[in-house]
Amino acid sequence: MSESAKPHHPSPQGKGEKTHGGDFSYVGIDAILEQMRRKAMKQGFELNLMVVGQSGLGKSTLMNTLFKSKVSRNKSVQSDPEERIPKTVEIKSISHDVEEKGVRMKLTVIDTPGFGDQINNENCWQPIMKFINDQYEVYLQEEININRKKRIPDSRVHCCIYFIPPTGHCLRPLDVEFMSRLSKVVNIVPVIAKADTLTLEERGSFKQTIREELRANGIDVYPQKEFDEDAEDRMINDKIREMIPFAVVGSDQEYQVNGKRILGRKTKWGTIEVENVAHCEFAYLRDLLIRTHMQNIKDITGSIHYETYRVRRLNESNAHLISQPSDHPAGSLLQ
Amino acid sequence: MASTEIARQAGEGVRGVPLAGHVGFDSMPDQLVNKSVNRGFCFNILCVGETGLGKSTLMDTLFNTKFEGEPTQHNQPGVTLKSYTYELQESNVRLKLTVVNTVGFGDQINKEDSYKSIVEFIDAQFEAYLQEELKIKRTLHSYHDTRIHACLYFIAPTGHSLKSLDLVTMKKLDSKVNIIPIIAKSDAISKSELAKFKIKITSELVSNGVQIYQFPTDDESVAEINSTMNSHLPFAVVGSTEEVKIGNKMVKARQYPWGTVQVENENHCDFVKLREMLIRVNMEDLREQTHTRHYELYRRCKLEEMGFKDTDPDSKPFSLQETYEAKRNEFMGELQKKEEEMRQMFVQRVKEKEAELKEAEKELHEKFDRLKKLHQDEKKKLEEKKKSLDDEVNIFKQKKTAAELLLNQAQQAGGSTTLKRDKERKN
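Chains as they are written, first to last, in the working numbering: chain A, 121 to 455; chain B, 41 to 467.
Calculated from the structure, these hints are not laboratory results.
What you are looking at is a predicted structure, and each value in this text was computed from that prediction instead of being measured.
Treat the hints with caution; some may be incorrect.
Computed footprint of chain A on chain B, listed as stretches where at least three residues anywhere in the stretch have a Cβ under 8 Å from a Cβ of chain A [claimed, not checked]:
#1 56-63
#2 123-134
#3 318-330
In silico SDA-like cross-links for lysine to any residue, where the CA-CA straight-line distance does not exceed 25 Å [to be verified]:
#4 B:Lys240 <-> B:Tyr155
#5 B:Lys211 <-> B:Glu345
#6 B:Lys106 <-> B:Leu414
#7 B:Lys427 <-> B:Leu414
#8 A:Lys221 <-> B:Asp66
#9 A:Lys226 <-> B:Lys75
#10 B:Lys367 <-> A:Glu262
#11 A:Lys162 <-> B:Ala263
#12 A:Lys270 <-> B:Tyr338
#13 B:Lys367 <-> A:Lys221
#14 B:Lys342 <-> A:Tyr404
#15 A:Lys269 <-> B:Leu174
#16 A:Lys250 <-> A:Glu436
#17 A:Lys269 <-> B:Met346
#18 B:Lys425 <-> B:Gln438
#19 A:Lys221 <-> B:His62
#20 B:Lys177 <-> A:Ile420
#21 A:Lys226 <-> A:Tyr404
#22 A:Lys359 <-> A:Asp348
#23 A:Lys159 <-> A:Gln174
#24 B:Lys151 <-> B:Gly118
#25 A:Lys221 <-> B:Thr257
#26 A:Lys162 <-> B:Arg389
#27 B:Lys156 <-> B:Asn248
Virtual Cβ for every residue (Gly too), placed ideally from N, Cα, C.
The task is simple: from the sequences and hints, build the whole structure.
Structural data, given as structure tokens:
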């Protein structure tokens, strides 16, 4: 934190200025980056991830692997066997404070036990959609308040990781239905769970099929094509789009491989290394979610999904109360 | 069907978990900073001070460029604000800088309303942001923020104390913007006088309850430098864009016959301190304070003024919309009532006027009748008179004919003697 970025001294360019070299003409505007960084470190960050998928696909394990700690309770360790499969879709959200190199983050993992587990799975996405919309609602209410908090606590779901069972064939109707509905309200990152049951060729063709199906159904998963900001972004995101959905393997147990202790799954025929990109794409998922695109994910949630919700909500109450054109701003009385 | 159970585990006491390895979210601040760099920054400074105190020159010196505009004349009828926006770039940081100057401040004979246009300007910027925030379809992330982040108040270097105009203006502005008072053209004051002047100014500000911007001391990395700087307020600055050769370097300075005042020499003036504080250390904090303190205060006051109130968590949402609706109905009701009143008044007056006119008509009729009657009476009387006159004339005629007859008879019977006697009598 106390590493002050020692700037080299280029000269600022403004309107009709005289260029000099050296300390003389350095204004110091770029010190704002350092100020911003300091402020961000002090405030800390928030991240809300939702995992959706049938039980037994390794959701909790993947969360634990991603964050290298027990952030999600594993269902299999539950003592009461009757509670194993819930009768309805529940939403369980657990928060943890994690810290790394001075950066504090409040991580919330939202689990959805019971999704897709019943015989009749109609409308099983409804509780999830309701939860996501409720979070938007809470944020909206706080924002509309007259006396509002300095920093509105952000409980909006930033990213939803959808687990696709590794059948190797194609997407199931439930998957298509869920993803097409939810991709409109939240960023969806589909992953192929337990990918160690697929060979590399099977994996490739499965992914191809999934991508085609997503395209055919008009499902826009993260990173969405329309939100690419510039050519550089598009290039990076295109590469990612080539790899979606990520075939991941999760594990929270360490094994000894080549003298190193690494996370993996040990089987009779070998050990699958979770972080080895030749074995599975966990590392790519982790990089996407955490190391490179976390801020982008949060921004899209905040500025696009939340705004869409807000527009719809404000128009709803407009139409409900008065019969005026829907573009009527809520605060035009202030003019 | 499916139902939800939202079980939040240990909401308040969020557990901390240790990480078993490198996860990688320590790059979050970098991601955030990169995003901001792509978006660019904006910073708005308001310079308040009398004409001729060197505001434009100081801005030029601070940002090391030549901003537009010629020096203003002293004959402005009122205080106006002129703002200029510039795009500056340093390494990879793009800054949209807006400098707002008060033109004609302190030049009028009656300065009572000088502060008003400044307060209105600041409020207008807040209003614009509030409007954008309340829109249904809004674009906050690409909105060009014009709210004033810092106000540099230029104090004239009299060496005595603050002018009353200064006190009044600063008092009005301190709840709306971050005020940083600076002593302009401070090369006119000697060092000892300067120390006394600064003490006097700070004590006057404190005794009048003016809240100037305090550099933040809660972050350890800058707490020390900020607190020392806080004790140096108000900064005594000298601005200059001309360069003078000192030793073997070209420095910004003002050259006098008796010596040279170097702008960037800390012994000569506090310019370097100002630049440090304003730009290099606290720019982000200034922006944050403007947003979280001054803007929120404005927003709260404005919304309360409009009659909006926060609703309880369990009552219906969208207090804004409903209050708006209620107000609208109220307003329409009042409007209708007023309309009714006006209509009734109108009807009333029409009635009155009608009654008046009827009265007048009646009177006229009466008068006409009276006159007619009079006329008839007159006529009757005249006719009677005429009749009586006629009667008399008739009688006279009869008498005359009778007399003539008698005369004729007498003539025939009598003789001419009577005639002679009559003739004599006649003569």
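Hints violated by the structure (listed by number, smallest first)
6, 13, 14, 23 and 26
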